[in-house]
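**Student:** Okay, here's what each chain looks like letter by letter:
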Amino acid sequence: MKIHEYQAKELFRKYSIPVPQGGVARTASEASARFKDYGANGVMVKTQILAGGRGKAGGIKKASSAAEAETLTQGFVGSTLKTYQGGGKGEVVKAVLIEERRAFTKEFYMAITVGRSEGLPVLIFSEAGGMDIEEVAHNSPEKVLKVAFDPETQVSAAHFAAKLKLTAEAEPLRAEFAATAEKLAKLFIGLDAALVEINPLVLKAEGGLLALDAKIAFDDNALFRHPELEAMKDPDEDDPKEQRAKKFGLNYISLEGNVGCLVNGAGLAMTTMDAIKGAGGDPANFLDVGGGATQEAVAEGFSIMLEDPNVKAIMVNIFGGIMKCDIIAQALVDASRKIGVKIPLVVRLEGTRVEEGREILKNSGLKFHVETSIADAAQTAVRLAKA
Amino acid sequence: MSILINKNTKVICQGITGKAGSFHAQQCLAYGTKLVGGVTPKKGGTDVGGIPVFNSVAEAKAGVGADATMVYVPAPFALAAIKEAADSRIPLIVVITEGIPTVDMIKAKKYASERGCRIIGPNCPGIITSEECKIGIMPGYIHKKGSVGIISRSGTLTYEAVWQTTQAGLGQTTCVGIGGDPVIGSSFIDLLTLFKDDPETKAILMLGEIGGSQEEEAAAYVKANIKKPVAAFIAGQTAPKGKRMGHAGAIISGSSGTAEEKYRVLAANGIKTIHNPSAIGPTLKEMLGVR
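Residue numbers (this note's numbering), protein chains in the order written: chain A, 946 to 1332; chain B, 43 to 333.
The set of hints was computed from the structure by calculation and includes no laboratory data.
Among the hints, a few may not be true.
[Unchecked claim] From the structure, some residues in chain B lie toward chain A, with a derived Cβ separation under 10 Å:
1) Ala-117
2) Gly-141
3) Pro-167
4) Ile-179
5) Ile-184
6) Ser-194
7) Gly-197
8) Tyr-201
9) Ile-293
10) Asn-318
11) Ser-320
[Unchecked claim] Dumping the calculated DSS-like pairs for lysine-lysine here, alpha-carbon to alpha-carbon at most 27 Å:
12) A:Lys-1128 to B:Lys-149
13) A:Lys-1191 to B:Lys-61
14) B:Lys-49 to B:Lys-186
15) A:Lys-959 to B:Lys-149
16) A:Lys-1222 to B:Lys-327
17) B:Lys-84 to B:Lys-61
We put the beta carbon where it would ideally sit given N, CA and C, even for glycine.
From just these sequences and the hints, can you work out the full model?
**Tutor:** Pasting the structure below:
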């Protein structure tokens, strides 16, 4: 679960990480009020969306007057902001954060996420913070430090102070960086985060560090431990079809292509998409009905896919494990009768009692295109979708 | 021969009185696994399909012995269950449970390794030595005793690959699902090390997925240490890029993580890369020179 910047900054305040003063605005009058509160030196008007990359997409602007803040807010709220981190889709801006402008002399980068290779949380730090941090990491990896830490014994300023490698210029700030890292680590562990990021972490003109931005994503598996975070959930984080699928235990992601696919298991589902692409087509979705593949799950999967007008053919790829192929075949027949599937259905079943399963499909009176290999099934589905 | 488990391995099941635990414990028993006991707090003295239930891992170990444990305990209690198994020095802890918080796995992994225990999983199908011992949720009948060692991050894709090696007449020694979570107990390298020294394993198949850099790290290990033929398939070549937040993910994984990059690194290290999912069995057959 991701939260917005203004929410992340509330949590930063709780963990004593300094952030600029500011407040949320959704209307012109709210914008004007925020400017009065925080605009002595002008304000920053920042769109609140869940994807990163807002600065580069023009979603962060400065305003020197209340009128300017109002105009910007009106322009932003309700508009769709598309960023390079947004995965192709834009996001509707529902609010802006209006903050005091602070003068600073240097930008740093500080984040914590879990390192898969390390098997531990890792503090990432760079003296070259700002919007181009990924290029820095790619072109000059030596400028990005990674410090793994044990969540039980190393959440301490002393650990980070000992591990940070700093240039002579940044050396005087060692204790401050380490203290900020400790607070950030406490937040990361205390709230079961998957990511916390400050970019930029700035050195104020008058001295002292300040988190100009704040990003937090939580470990969904640990949300049960933090009921207080529930209220921060943005209901628009997942698309409505994906949310509906989730209720039925399905994992669905909508894509651009025209070949729908329904598969049991995530790895096999990705493999099926690869096969469709390999056959010259484009998958319309990712849909994992779970290892079991019950009739209810299959029926719901069909109906979600068929709502997408782009879908011209469906490929079903199911490996019958604990759930035998004849039972799955019957579920497919019942579900397609119930839903009334009108487009070509290519079915590839494998596993135990597969012969009986294919027999059931053949005798159902429904038009199933039965294939035996993943590659053949994908080719047939792509051909039928084009026809 | 095989790795980690065989027909003599004594297995207990933690969380045996739950729906999944009781079903799969009995399936394992039916497969031939020496499933000697189960553990559920406060249910000691009862039984599940004839399998005696104990209140704690310590009691189970004292009562029936245990070389391995299969964990179905719900996610919020999984860390405590793993610690309990490690406290009793159960050498192999196979965690089937999905949805365990990442921080809990970080703690569990450290706790177990400090006590000399190995974790497989979590969120995985388990481990099986064909026709000898099944610890997990995989369909047993698709496995056939043979010569291929399999390591996989996936679930049903593993069954697909197992089935193809069975159909190709090769069979398997041991098949291990290591799970796809961010922090897992055993990596590709941990298991490659074991398959390397198993004389029955003539070829090794790795089934990877996009994300992380485990496959790349394994590739370098294979080149330096393994003389047996190794093949790999990576799922997710066409998976869409998700909406992301911030830069940390991109920075920590660097250039690795994509299927394309994984295939490139695997091939560069002498591993046979398989791109067609229907060609897993035939490719291994060819590599082993079997007609």
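**Student:** None of the hints should be skipped; say for each whether it holds.
**Tutor:** We went through each hint and held it up to the structure:
This hint holds: Ala-117 of chain B has a C-beta 6 Å from the nearest C-beta of chain A, less than the 10 Å allowed. Annotation: interface hint on Gly-141 of chain B holds; nearest CB of chain A at approximately 5 Å, less than 10 Å. The interface hint given for Pro-167 of chain B is met, as the beta carbon of that residue sits about 8 Å from the closest beta carbon of chain A, less than 10 Å. Taken as an interface hint, Ile-179 of chain B checks out: its beta carbon lies about 7 Å from the nearest beta carbon of chain A, inside 10 Å.
Evaluation of the Ile-184 of chain B hint against chain A yields a held restraint, the C-beta minimum of about 7 Å falling below 10 Å. Nearest Cβ of chain A to the Cβ of Ser-194 of chain B: about 8 Å, under the 10 Å cut. The hint holds. Given hint, Gly-197 of chain B at the interface with chain A, holds; its Cβ is 5 Å from that chain's nearest Cβ, closer than 10 Å. The interface hint given for Tyr-201 of chain B holds, since its Cβ lies 5 Å from the closest Cβ of chain A, which is under the 10 Å cut-off.
A hinted interface residue such as Ile-293 of chain B counts as satisfied when its beta carbon comes closer than 10 Å to some beta carbon of chain A; here the least separation is about 4 Å, so the hint holds. At a threshold of 10 Å, the smallest CB-CB gap from Asn-318 of chain B to chain A is about 6 Å, leaving the interface hint in force. Of the supplied interface hints, the one on Ser-320 of chain B holds, with its beta-carbon coming within about 4 Å of a beta-carbon of chain A, less than 10 Å. Between Lys-1128 of chain A and Lys-149 of chain B the CA atoms are separated by roughly 20 Å; this keeps the pair inside 27 Å, and the hint holds.
For the hint pairing Lys-1191 of chain A with Lys-61 of chain B, the CA-to-CA distance comes to about 21 Å; that is within 27 Å, so the pair holds. A C-alpha spacing of about 14 Å is found between Lys-49 of chain B and Lys-186 of chain B, which places the hinted pair at or below 27 Å, so the restraint holds. The straight-line distance between the Cα atoms of Lys-959 of chain A and Lys-149 of chain B is roughly 25 Å, inside the 27 Å bound, and the hint therefore holds. Simply put, Lys-1222 of chain A and Lys-327 of chain B have alpha-carbon atoms about 26 Å apart, close enough for the 27 Å limit, and the pair holds.
For the proposed pair Lys-84 of chain B and Lys-61 of chain B, the alpha carbon gap of about 17 Å is at most 27 Å, so the pair holds.
Checked against the numbered hints above, the structure violates none of them.
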